[in-house]
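**Student:** Chains as they are written, first to last, in our numbering: chain A, 1 to 113; chain B, 1 to 114.
These aren't lab readings, by the way, just hints derived from the structure by calculation. From the three backbone atoms N, C-alpha and C, an ideal C-beta is built for every residue, glycine too. Misleading hints may appear alongside valid ones.
What the hints assert, rightly or not - Which stretches of chain B does chain A cover? Using the computed rule of at least three CB atoms under 8 Å from a CB of chain A, they are: (1) 46-57; (2) 80-87; (3) 102-109.
To be verified - No farther apart than 30 Å at their CA atoms in a straight line, the calculated lysine-lysine pairs in the DSS-like style are these: (4) A:78 - A:58; (5) A:42 - B:79; (6) A:59 - A:69; (7) A:42 - B:80; (8) A:59 - B:79.
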Amino acid sequence: ILNVEQSPQSLHVQEGDSTNFTCSFPSSNFYALHWYRWETAKSPEALFVMTLNGDEKKKGRISATLNTKEGYSYLYIKGSQPEDSATYLCASPLSGGYNKLIFGAGTRLAVHP
Amino acid sequence: SQTIHQWPATLVQPVGSPLSLECTVEGTSNPNLYWYRQAAGRGLQLLFYSVGIGQISSEVPQNLSASRPQDRQFILSSKKLLLSDSGFYLCAWSAWDSTNTEAFFGQGTRLTVV
């Protein structure tokens, strides 16, 4: 992996379903892994920033895990609600400096009532 | 508290015209500053980032340039816009002294080149 990649590109779920998506990133020279939520007509807002292998973070119904050795992170949403509909972005500083924050293409989540 | 201002919110410009988008940050010193673009149906593409006054790193060869004339001011420019420059532009900042702090985004500029 030479870049930050996310899958799936989009996801449609029913209200109450639990869901998860993946972020893959280069495992060498790892600095940090960020997750952001980007709602329509708003700016991206950070959910989590993780730095340690095995990190798990939780905010309400949303949680994330980090595996720096194999270069992936999972974002989980438990009991999805319509207000969870948004694009979820992950980002990581890649080679060239820890300030060079590179984003994946995002996973667009639509939660249907 | 820190705030970030980006303007204008929307812009319609003819092909060949110049561009200037401005971003300012308040409440912090020596921030890392970023310009991103979201083209239609795609993610956030890093265009430029800056770690200090006059220090600009360009990520994608293109028709745009960036400048940082003051510590908390970041400007995105073009001398002659192309149709392909249309998109949603976001300015962001992060703390200079840590890898594990989040980036904070401005409200964005929707640029349409006609």
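**Student:** Please list, smallest to largest, the hint numbers that this structure does not respect.
**Tutor:** 2, 8
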